[in-house]
Each structure stands twice: as C-alpha cells, then as structure tokens.
Amino acid sequence: MIADEQANTAYWAQIEKDFEAANTNTDLKVEQQPWAKRDEKLAAAFSGGKGPDVLLLNPDQIPQYVKNGSLAPVDKVVEPAKDSFLPNALSALTVDGKVYGAPIYHTVTTTLYNKKLLDKAGITTPPQTWEEIKAAAPKLKAAGVATLDYSASPEATLNLNFYPLLWQAGGSVFSEDGQKAAFNGPEGVEALTFLTSLYSAGAIPKSSLTNGNVIADQALGKQQVAMGFTNTPADAKTVASTWGAGNVIVGKPLQGKKQVGFGLPGGLAINAGSKNIAAAEKFLGFMIEPEQLIALGTASGFLSPRTDAKVPAKDPQAQQFSDALEFAFPGEPNPAARQVMSLLAAEIQAALTGKKSPQQALDAAAKQADDLLSRQR
1 MIADEQANTA
11 YWAQIEKDFE
21 AANTNTDLKV
31 EQQPWAKRDE
41 KLAAAFSGGK
51 GPDVLLLNPD
61 QIPQYVKNGS
71 LAPVDKVVEP
81 AKDSFLPNAL
91 SALTVDGKVY
101 GAPIYHTVTT
111 TLYNKKLLDK
121 AGITTPPQTW
131 EEIKAAAPKL
141 KAAGVATLDY
151 SASPEATLNL
161 NFYPLLWQAG
171 GSVFSEDGQK
181 AAFNGPEGVE
191 ALTFLTSLYS
201 AGAIPKSSLT
211 NGNVIADQAL
221 GKQQVAMGFT
231 NTPADAKTVA
241 STWGAGNVIV
251 GKPLQGKKQV
261 GFGLPGGLAI
271 NAGSKNIAAA
281 EKFLGFMIEP
291 EQLIALGTAS
301 GFLSPRTDAK
311 VPAKDPQAQQ
321 FSDALEFAFP
331 GEPNPAARQV
341 MSLLAAEIQA
351 ALTGKKSPQQ
361 ALDAAAKQAD
371 DLLSRQR
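Be aware that the sequence shown starts at 1, since it is given in the UniProt record's numbering, and climbs by one per residue.
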C-alpha cells in the first residue's frame, strides 16, 4: 500500500504495536502479500478452510468471495461511523445490502504529464480530451517521443488501462443486471479503436504490451512518453525525482463523451471461517478511526474514505489529486469480474498487435465472458 518498501514495513510494524497496546489480549500479525496471483492464493486458502482472519480487498474482488460464503459482513463495525464515509466508499464494498469491507483508504487516478516533453513538441496546453490527444500525437512523434502510456500486460488490472476509456466512451463492462458482457457495444469499439489507432501510429509505445503499471519501469517513468492517464499520487512523487518537480503536471481525468477517472476504496474484510472474528472486528474498528486513516493516507499518498478525516494536502499536486476524486468511479463489481478481466486482456493484446479488429477482439472476449457468466448464475 505504501510505495516505499521500507516505509511500508515500518508502518505496519507500528500498527501492530499500537493495536496490541490498545488491545492487550490480542496478538496481531500483519503479513505483506503481492497483488500478483493474490486471488488464486486466496481462493485456494478459502477452499481449504484456511486463509487470514482479515484481508484487504478491492470492490471488484468482494462479490466472488461473498458468493462462495468466504466473507463475513462488517456492518456492525462501520455502522457507528456510517454517515462519515464517502457514499461510494461504502456502496462499492456492499453486496446485497450488506457491507463486506471496512474502508481504510480511497484511491484516485488522473492524468500525469511531462512538461519537458510537451515543451519539446511545442505543446503549451496539455491534452485533456481524446481529440486533443490525437491532435498532439504527430507533434510529439516529430519530437521523438510517444504520446500516451498504456499498460497492456495481462498482469495489469483493466481498471487502470481499458476500463476508464470504456467508461469515458459512455460504455460499461457488464449489462445492467450483471448477467452479460456489454463491453463489445459501440462504446467499447470506440474506446479500443482509439487505443489501436494510437498504437499503430506509434503514439502508444510498443513497450505497453509488457507494461504492468510500475511507473519506474515503464515508458512514462523513463521519459519516453509524454503522458499517462491512470496515475496515482505515488506515481507523481516517483517521477518528480527523475523528471524534476517542475516538469510534473497533474491534470483532471481524460474526457471522451464523459469525464471519468478510476478510484476506489480499499476495504478490510473478515474471513467468515475465522476463529477470531471478535478480534478481527476490533482491528477493523481500530483501522477506520480518523487518526489511523489520516496516518495511513499521509504515509501512502492515498485519500481518506471519511469526510471527517481528510488527509492534509502537502503540496499543489496533492490537492489536484484530491480535486480529481469527484470524477472517480469505483468500477463494476461482479463475481466474475477478475476472470472477465483475464479474458478481455488477451483480446485487447490481439487488437493492439493487429491480429484482430477492435470489434472482433471484443466480440471474442464477450462470447467467452457470457459463457462464464451463464455458468455462474
């Protein structure tokens, strides 16, 4: 959760000490796990009647675990502070009227520009719409840089690459009842055509095919591309050290037919099979206290999910990320969300590399997704 590994370890070590000091009969052990392959590990643990007492989940992960009975509701924990949470923070973590995650942070993503590269291309106003991006691409290409960074690696979540563009086009991932794929409609085709046209013109770097959302390792961080569109406050801090703080520009989320960015709450959930549910509830209650939320937000760069516990903005950039929160959409929770992402990611790669047209790629993914969804009803 905290980009600096040492700072992350130190933060959670202090949480263990502080929680145990306040709850002398409870022993807390925090284990760090990478996001990669996390769902597979959790599914295996739950199926074997194991797994952690408490786990951190995003909204799109929760429905699948609720469906198989792996999570316990946490309404009792959040109820005393319910009116203090951002509306999306609780609704995004709710399934069938019950809350399954106690929000401890809220993410926000928005555009990030390299001023030096824009200046090199003679672009004085950063591109803020799809049309402006397409207009800027030839100028940036002439200056020897790509325009838009993208993460097409199968390991990268579509919440940070294709889905925001789909939402900006006015589309959605699933049908309203969640029973069928909707991403292969005209809006999805428009979004993927936008991507493939930029990629074929060299405006999206070839490295995007293996780009997994680690900014220091990707073209944006290496100053080979002028802008990204799903970047975090931590990303801005990372590139400031290499670009120079004066070259980091934070903008509003991109606008297609709609202006939408991705941002969601992270929630602590409780394993329904835990033998320590009472202690787990105490820990969740501890972590959603204003003091803890502000401390976590200050350390991580994430925003607070509570209106009465705002993380102080350290600089103008932090304030700009905070301003982008009004455009943040938490995604479309569905028990099959993660599996659908995997199916769609492969087809997006096929479209980018020219093996399929945008419509063919999306239709192929939708056919597989519909089959998957029909088997989960």
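One or more of the hints may lead you astray.
As the list claims (entries may be wrong) - Pair by pair, the computed Cβ-Cβ distance ranges are:
| id | residue 1 | residue 2 | range |
| --- | --- | --- | --- |
| 1 | Lys275 | Ala201 | 55 to 63 Å |
| 2 | Arg377 | Lys275 | 29 to 37 Å |
| 3 | Val214 | Pro312 | 26 to 34 Å |
| 4 | Lys206 | Glu5 | 28 to 36 Å |
| 5 | Val214 | Lys275 | 19 to 27 Å |
| 6 | Lys116 | Leu209 | 43 to 51 Å |
Claimed, not checked - DSS-like mimics (lysine-lysine), calculated; alpha carbons at most 25 Å apart, straight line:
| id | residue 1 | residue 2 |
| --- | --- | --- |
| 7 | Lys237 | Lys115 |
| 8 | Lys180 | Lys252 |
| 9 | Lys17 | Lys29 |
| 10 | Lys17 | Lys134 |
Just so you know, the hints here were simulated from the structure itself, not pulled from any lab data.
Where a beta carbon is used, it is the ideal one built from N, C-alpha and C, also for glycine.
Where does the structure disagree with the numbered hints, that is, which hint numbers, in rising order?
5, 6, 8 and 10
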